[in-house]
Amino acid sequence: VADKRFYTSTGPLSLDQIIKISGATLVKTGMNCTIEDVQTLAASSKTDLSFLHNAKYVEDFKKTEAGCVLVTPDLASFAPKGTVVLTSPTPYRAYAQVASHLYPLTPGSMETIPPKELESQGVIVELGAVIFKGAEIGTGTFIGANAVIGCGVKIGTHCHIGQNVTLSHALIGDHVTILPGSAIGQAGFGFFMDEKGHVTVPQLGRVILEDKVEIGANVTIDRGTLDDTYIGYGTHIDNLVQIAHGVRVGRHCVLVAQVGISGSTTLGNFVIAAGQAGLTGHLTIGNNVKIAAQSGVMRDVAEGETIAGSPAVPVYQWHRQTVSLAKLAAQKKEKSGDK
Amino acid sequence: VADKRFYTSTGPLSLDQIIKISGATLVKTGMNCTIEDVQTLAASSKTDLSFLHNAKYVEDFKKTEAGCVLVTPDLASFAPKGTVVLTSPTPYRAYAQVASHLYPLTPGSMETIPPKELESQGVIVELGAVIFKGAEIGTGTFIGANAVIGCGVKIGTHCHIGQNVTLSHALIGDHVTILPGSAIGQAGFGFFMDEKGHVTVPQLGRVILEDKVEIGANVTIDRGTLDDTYIGYGTHIDNLVQIAHGVRVGRHCVLVAQVGISGSTTLGNFVIAAGQAGLTGHLTIGNNVKIAAQSGVMRDVAEGETIAGSPAVPVYQWHRQTVSLAKLAAQKKEKSGDK
Amino acid sequence: VADKRFYTSTGPLSLDQIIKISGATLVKTGMNCTIEDVQTLAASSKTDLSFLHNAKYVEDFKKTEAGCVLVTPDLASFAPKGTVVLTSPTPYRAYAQVASHLYPLTPGSMETIPPKELESQGVIVELGAVIFKGAEIGTGTFIGANAVIGCGVKIGTHCHIGQNVTLSHALIGDHVTILPGSAIGQAGFGFFMDEKGHVTVPQLGRVILEDKVEIGANVTIDRGTLDDTYIGYGTHIDNLVQIAHGVRVGRHCVLVAQVGISGSTTLGNFVIAAGQAGLTGHLTIGNNVKIAAQSGVMRDVAEGETIAGSPAVPVYQWHRQTVSLAKLAAQKKEKSGDK
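Residue numbers (my numbering), protein chains in the order written: chain A, 1134 to 1472; chain B, 1134 to 1472; chain C, 1134 to 1472.
Hints are computed from structural coordinates only; laboratory data are not their basis. Note that this is a predicted model, so its numbers are computed, not measured. Be a bit skeptical, because a hint or two may be false.
Below are the PhoX-like pairs computed for lysine-lysine, each with C-alpha atoms no more than 25 Å apart in a straight line [what the hints assert, rightly or not]:
1) A/K1189 / B/K1423
2) B/K1460 / C/K1460
3) B/K1423 / A/K1266
4) A/K1249 / C/K1266
5) C/K1460 / A/K1460
6) C/K1460 / A/K1423
7) A/K1179 / A/K1196
8) A/K1423 / C/K1329
Beta-carbon label-pair distances, calculated as ranges [stated by the list, open to error]:
9) A/P1447 / C/D1433: 25 to 33 Å
10) A/M1431 / C/E1328: 23 to 31 Å
11) A/P1240 / B/Y1366: 19 to 27 Å
Partner residues aside, some chain B positions facing chain C, computed with beta carbon under 10 Å [what the hints assert, rightly or not]:
12) G1271
13) N1297
14) G1314
15) A1316
16) K1329
17) T1455
18) L1458
A virtual CB, placed ideally from N, CA and C, is assigned to each residue, including glycine.
Please model the complete structure; the sequences and the hints are all you need to start from.
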């Protein structure tokens, strides 16, 4: 359910309204015809609308408790009892249309909290910081000059929010550090693509930073589409790292500068990713995995593995590949006789 | 011609002044001896000074309508009739000296537009946003807290300019979104290098964002040197992407996080570049090209190709290379008998 | 010695206090028992505490003039005469505890310099810029809207500090340009890792930018841990580049967009690193080295070399590897007979 601190629903919507907005076809009625929110298949309850656009999630579909699901015609038969089924050739697009209707983009209140009010609560606020009404900030927390804290953002105690940082749609624990220029909580890179162009999908999740997270300068962490983006206790993130929507990073991880993690990838605890490593989306990386600098990770990685290269392979294999290629090139040289 | 909204010329300059400033040698006189502006060979008219410093552009030189051209002695003979020719061993440096003289770096007016004035025109302005006199902003557009909008910048209707964004030297269409922390319109990375150090080349172009462009957080888009940097209708750009001066991106492209595109490269429509891909300068990438994550693109790519690897090759070839290298490394292992 | 403009010591500390804070064991007494500061082995004097946690620096240890050194038991015997030796299984952690005690994180003064006062000194200050008391700014320098200049920062004459830039713990020469959104001088990515989590190590150095340095947009340059981070005269740094703590870049270097340089690596003069290249830490790169785009540099590079690839090798070797791999893949294709 979209967090009311950040999102205001125009719902509920009747089934008729949903059909009209999405252009989808009703193929199976069910117990409920009133939709209050949108949600993933796995997290839905009977007042939620969800969607299936990737056969990979068909098991979630079979077990969903969603009141209504948008799906392609070929997968409609997997629907559980009691769920209303709407079919569409492009269920993600149809979902996006309903979600945009339910949560239209509207600027929040322009009202800000006077710094004096925060200072009286033990918050240190430098000049030029803009803190919108509805933000909650714990005692002993420092807000740097010209930082911007959005409505509904919650920051714990003894945090350090650097200068020129922008925070929105985020819930932040205690003793968290964010260095200057980072942007956290903005909309993720989510849209439906087809030959007619792109339809933006509303981003209705949040960013959660647990206690003692440390984040460098000019980092970007997008909020989730429906699930939250999540950074676990004590994790350290270096400068210019990109964390996409719905990524989950475990406890005590280390992400070195310029690492990029694509949407919905999950990292275990004590994972280390060295500089400029990139991870594609929807991966599962186990605990204690070590990822070498500039690696390109395109598959799940089991607990404790060390990987390197692009595409990334176990590090001993990467070393052998490097040596083999060097030898091969040296042979060519000898044969051809040129330098 | 440099856009008067952003640049103020100290010209015109006489031929004698140009010779004095640049240290170049007059080898051919022509019809015109007064220069009002600087321009590329292709776009010049008879009151413009241009330069040829790369034999690749000799065809442009042959056809140029520039009043005066700086060129190395060996290429001087390709000049068209009527064009004044000045030779220099380092024509780009000579050009930079004239351009710097014509357009000295001077801070603009310090005057800003009072937020109330903008609000009366239907613009939503959060606290701390600084909008310089001479900016034009359309109705329904949102300007986030602590954003900075430079003099002469034009923003259409119903745009969303995020918090802590910096815009200068840019013309922006309708329904454009820019997320927090992005910097758009600053000077490109242009200088003349030799053993004595670097001479900065004035950056006199603009950034053009067409309607419905969406730009992520902490993105950088430099303005052009002479040509504009251009992003086509409906293109989506993710966080931490770098777009260098003079790049042209077509319609409905998708540039995923941490992609970098070097100067003057042109992308067609519906091009997709996945995360951390890099493109060198002066390339032409056709429509519907797909570029895999972490690719290093160093050559032109024909319409519809899918490429991967660094240096990038067609994706099926990259797969074969990956498999071949893995097999080669496995053989070495068997032969040597070690693990 | 930590620069008093930026850091306030709670010292001196007695040997007893250090033992109590660090949990280390006294194995050798010496001439001095009072510690005023922390420092590297090479730069220490007799009132400094230092540490040895990497056998690579044992030669520095043998010659150190530090009053007191934290070291693992196996290396304790290399201590020079007169130095107090404390052993710990984790000397870097023990050091971090003492350094944190000596330099606790405390927000500086909230007082800012009124823009009018700076303007009377010939500084141009745009609206919304926040300049903390104790900053020194030279005549003819421009400070962009919503930039933040920390206490103790020194900026020379005729500099251009872009909008939304954040500067702290930095000493900046004359004619320096910094484009919008860059963050310079924040704490580096320094911590002690073990199975219990991470202990942050205080970052007590500075960033030094020599005259005529030019820095792009959304760049990050961290201050040093104990040594300074240093950028030499006339060096040009493009957008989204990451410079870690303790990096030293020589004169007239060129670092193209999205390059990343890890901690304590040293570059000579006239080094060129093309886009997205990455350098690991503690390397020495000679004068006039050229590093190709997307290279992964993992070893020292001798003067004048041109390198490419990941891991980076001499460029002619990289070309041969690329050709060899393409041929190998083509052979496989012929043998297997498929496309």
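Right, here's what the structure says about each hint:
1. A/K1189 / B/K1423: Answer holds: A/K1189 to B/K1423 is near 23 Å, not above 25 Å.
2. B/K1460 / C/K1460: 14 Å, holds
3. B/K1423 / A/K1266: Outside the cut-off at roughly 44 Å; violated.
4. A/K1249 / C/K1266: 20 Å, holds
5. C/K1460 / A/K1460: The given pair, whose Cα atoms are some 14 Å apart, holds under the 25 Å limit.
6. C/K1460 / A/K1423: 33 Å, violated
7. A/K1179 / A/K1196: Holds, because 12 Å separates the two Cα atoms, which is no more than 25 Å.
8. A/K1423 / C/K1329: 17 Å, holds
9. A/P1447 / C/D1433: 25 to 33 Å: 27 Å, holds
10. A/M1431 / C/E1328: 23 to 31 Å: Given a distance of about 29 Å, which is inside 23 to 31 Å, the answer is holds.
11. A/P1240 / B/Y1366: 19 to 27 Å: Check passed, 24 Å falls within 19 to 27 Å.
12. G1271: For B/G1271, the interface hint is violated, since the closest Cβ of chain C sits about 21 Å away, which is over 10 Å.
13. N1297: 5 Å, holds
14. G1314: Nearest chain C Cβ about 6 Å off; hint holds.
15. A1316: 4 Å, holds
16. K1329: The hint holds - B/K1329 has a Cβ within 10 Å of chain C, the shortest such distance being about 9 Å.
17. T1455: 9 Å, holds
18. L1458: With a minimum Cβ separation of about 6 Å from chain C (threshold 10 Å), the hint on B/L1458 holds.
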